[in-house]
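Participant: Residue numbers (our numbering), protein chains in the order written: chain A, 92 to 531; chain B, 92 to 531.
Since the hints were made in silico from the structure, they are not lab data.
Take these hints with a grain of salt, some might be off.
[Unchecked claim] So the derived list for chain A, only partly shown, Cβ under 7 Å to chain B, looks like this:
1) Leu-298
2) Lys-374
3) Asp-424
4) Asp-429
5) His-477
6) Gln-481
7) Ala-485
8) Gly-498
9) Val-500
10) Val-521
[Said to hold, decoys possible] Label-pair ranges, simulated between beta-carbon atoms:
11) B:Val-132 - A:Tyr-476: 52 to 60 Å
12) A:Thr-422 - B:Thr-517: 57 to 65 Å
13) B:Pro-194 - A:Thr-517: 31 to 39 Å
Note that this is a predicted model, so its numbers are computed, not measured.
From the three backbone atoms N, C-alpha and C, an ideal C-beta is built for every residue, glycine too.
The primary structure of each chain is shown beneath.
There are 2 protein chains.
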Amino acid sequence: MKFDLIIHNGTLITVNAGFDIIPNGIVCVRNGTIAEVSERVAGAPLPPAAETIDARGGIVMPGLVNTHTHLPMTLFRGLADDLPLMDWLNGTIFPAEAAHIRPETAFWGAQLACAEMILAGTTTCCDGYFHEDAVARAVQASGMRAVLGQGVIDFPAPGVPDPDKNIEQAERFVETWQGAGPLISAAVFCHSPYTCSGETLKRAKSLARRKNVLFQIHTAETRTERDQSLKAHGASPVRYLDDLGLLDAGTLLVHAVWTDAADVGRIAKTGAAISHNPESNMKLASGIAPVGEYLAAGIRVGLGTDGCASNNNLDLFQEMDTAAKLHKVSTLDPTVMDARTVIRMATAAGADAIGLGEVTGSLEIGKQADVIILDTATPHMTPLYHPASQIVYAAKASDVRTVIVGGRVLMSGGNIATLDLERISTEIDVISHRIKERQP
Amino acid sequence: MKFDLIIHNGTLITVNAGFDIIPNGIVCVRNGTIAEVSERVAGAPLPPAAETIDARGGIVMPGLVNTHTHLPMTLFRGLADDLPLMDWLNGTIFPAEAAHIRPETAFWGAQLACAEMILAGTTTCCDGYFHEDAVARAVQASGMRAVLGQGVIDFPAPGVPDPDKNIEQAERFVETWQGAGPLISAAVFCHSPYTCSGETLKRAKSLARRKNVLFQIHTAETRTERDQSLKAHGASPVRYLDDLGLLDAGTLLVHAVWTDAADVGRIAKTGAAISHNPESNMKLASGIAPVGEYLAAGIRVGLGTDGCASNNNLDLFQEMDTAAKLHKVSTLDPTVMDARTVIRMATAAGADAIGLGEVTGSLEIGKQADVIILDTATPHMTPLYHPASQIVYAAKASDVRTVIVGGRVLMSGGNIATLDLERISTEIDVISHRIKERQP
């Protein structure tokens, strides 16, 4: 009954249903799975284990779950900021994608993203982009857990010159990656209700249903999108998708900023989930999603960073802090989005929103051992009265000392076991010089 | 003509009037003062210097200026969060201050704050609290630059049991610290228009004028304060202060969230400055200050974190990112508060707002050598197209590798030369245990 790994000498933030916090806890791992979570009996020896990790009095918590990324967009981090949305999209991002996104650039951009996420305590992401095969290879090599969808859009896109083949390529992606091991889950990623026809949307969702995979779609991100939907379809984006039959528990609505009470009711009734990306919505001046109403309606809401062109990082610690504060000020109520709610969104609820609720997101027996350890022996983490509050309002990505996915240590003391940072840096240097040269 | 110190091999973000960015720049320091700022001639040797620091291709910029802190409140970091404002203040913060703030706790809380600020690249702060003598000793020992004011309030306060003596004690503080060397500037800190009588406010400002020091005051922080001011004085908080004759170029209005167009005009006309604390205003659900209007009116605006009970950190990198994003989403305009504007608020404009505009806040000849170096060789700082954008939207406090104040290296590679972190940790441990035990 020897364990493979035991993490001890830390305060466990379980993020189980009762949000139990266990001082001096131990997490025991066997075959990549959490086999025991308990308080250590004072003075008792640790159970036998092949490996032990001393958390040194720090915080032990589930790895963070980023419910919305476009990993290769690390390549465009900071390429253009502080611009009107349409100038940014049409003048910079779309041309840069058309000119520079190929399988090898998508691969290296995604590897860079994985390095950033692992260093910052993210163990799972939910991604959608083009050349997603290359993204999947990059993520698989990193050892992270991910839900990945090949992009579907009714325009020529990187790797999909003929939009008539978009569903076919998305289907091929699912078939390639659906059985590729325990870490990668395939998905379908439709860009949005305004860039895909109703027919495309229905066929894409039908593919997702047939394959029993997650269906992700940007929805109601901007006021312009909402207004155009009302004009074109006589319906809000959410109602339009619902009328097409696209909303169910396997659908993840990304952003959901511009919704009304009827939309909230539809989302709740159908069981669709939401990816909330507050920093992207702030930076692009999209608006503030009514997250309090979503939570009150029982809708599953996870947290996401969005791509690095619109944030400009993949840091969920900062995203938690911002989410908590943004909704307090926008409602003028300091009690909304309390620390536990926000941590849950960045872990268990996020996992649930992307279809991995049984797999990751909490320290509970039977779940995969996706665990991070935070150092608390720093000035900005001192004193430490309430661990949940400290995680949201004081902790930084740089406090993460150890990252474990499925029982495997991916990062320890800033060193990533699975990725060659020097090689990534060299490759990104070449690619980013090319991107810079071709800037208008 | 040998220099004392040369920083080389970095990209200089000067934050001078033209916001010049100098690739492969050098900063030469003599007698604690910046003596040269220029691009290095390719292939030329460095000028002779007693010490050189290699920035290793990173970013070299002015140290950050935190225009509003209550340093000892690190002791209450995370003690109570997510509560209604009055429960938080009256149920936790005020009782904790009354029970626990003494000269020695204020000293250790301030030392902890200095450690956190130095590690995060802040070289100057503007503080107001009680037992400010102890704060001043703590800050002076750290080697940081600071503007410090003893608190004035018309209630019994820590160290000021008799409010009738509040001005007298504030005056004694100014007299003690006004000539205490180049790093410490004395100030007067009036708590607010609603906790001080009109008479106290006028006497405090008169003291500040007589001594030619900064006058700091929390103003128009919450809607309740604004409404009560309208009821009690028939005037907004800003107009009330103006009517009392308190507004001039030596007055720093902290928060200034609830102001109208007439208030903006009064602030602009009198030359008073503003300390903008977006994260505190968000977390306490106070509201969003109309910073765009202040800037448009030519008002000097600096950035501040507020105390650690209401943020919960002293991290100006996060504050810059949040400031930029908050105003974009609140105005639905992604072009407002661009990266350069926000960096200026956290450096040169902040220094100007607290009366140190000639002293610090930019890399310019004649200013004090308050300089920080950021490491850019990390995944989240890669690629690097535009340094200003990267500083605001991607950099983290943990990227700061070197901190220099007045030409003296206070921190290098995470090691603080001036503070004993172990001793601070031990002292804070004892104090915070006492605070926790006496919690309701």
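Participant: Does A:Val-500 pass the interface hint, meaning its C-beta sits closer than 7 Å to a C-beta of chain B?
Facilitator: violated (18 Å)
Participant: Quick one: are A:Thr-422 and B:Thr-517 within 57 to 65 Å, going by C-beta?
Facilitator: Given a distance of about 41 Å, which is not inside 57 to 65 Å, the answer is violated.
Participant: Double-check A:Ala-485 for me: the hint is only fine if its C-beta lies closer than 7 Å to a C-beta in chain B.
Facilitator: For A:Ala-485, the interface hint holds, since the closest Cβ of chain B sits about 5 Å away, which is under 7 Å.
Participant: Let me know if the C-beta of A:Val-521 comes in closer than 7 Å to any C-beta of chain B, holds or violated.
Facilitator: It is violated, given that the least Cβ distance between A:Val-521 and chain B is near 10 Å, above 7 Å.
Participant: Does A:His-477 meet its interface restraint, that is, does its C-beta lie within less than 7 Å of any C-beta in chain B?
Facilitator: holds (5 Å)
Participant: Can the suggested window of 31 to 39 Å be confirmed for the beta-carbon pair B:Pro-194 and A:Thr-517?
Facilitator: Given about 55 Å between the Cβ atoms, the range is violated.
Participant: Could you check if A:Gln-481 really has its C-beta closer than 7 Å to a C-beta on chain B?
Facilitator: Since chain B brings a Cβ to about 5 Å from A:Gln-481, closer than 7 Å, the hint holds.
Participant: With a cut-off of 7 Å, does the beta carbon of A:Leu-298 approach a beta carbon of chain B closely enough for the hint to hold?
Facilitator: violated (34 Å)
Participant: Does the Cβ pair B:Val-132, A:Tyr-476 satisfy 52 to 60 Å?
Facilitator: Because 55 Å falls inside the window, the suggested range holds.
Participant: Does the CB of A:Gly-498 sit less than 7 Å away from some CB of chain B?
Facilitator: violated (24 Å)
Participant: May I ask you to test the interface hint for A:Asp-424 with respect to chain B, counting a Cβ-Cβ separation under 7 Å as satisfied?
Facilitator: Cβ of A:Asp-424 sits 6 Å from chain B, so the hint holds.
Participant: Report holds or violated for the interface hint on A:Lys-374, using the least CB-CB distance to chain B and a cut-off of 7 Å.
Facilitator: holds (5 Å)
Comparing the model with each earlier hint shows violations of hints 1, 8, 9, 10, 12, 13; every other hint is respected.
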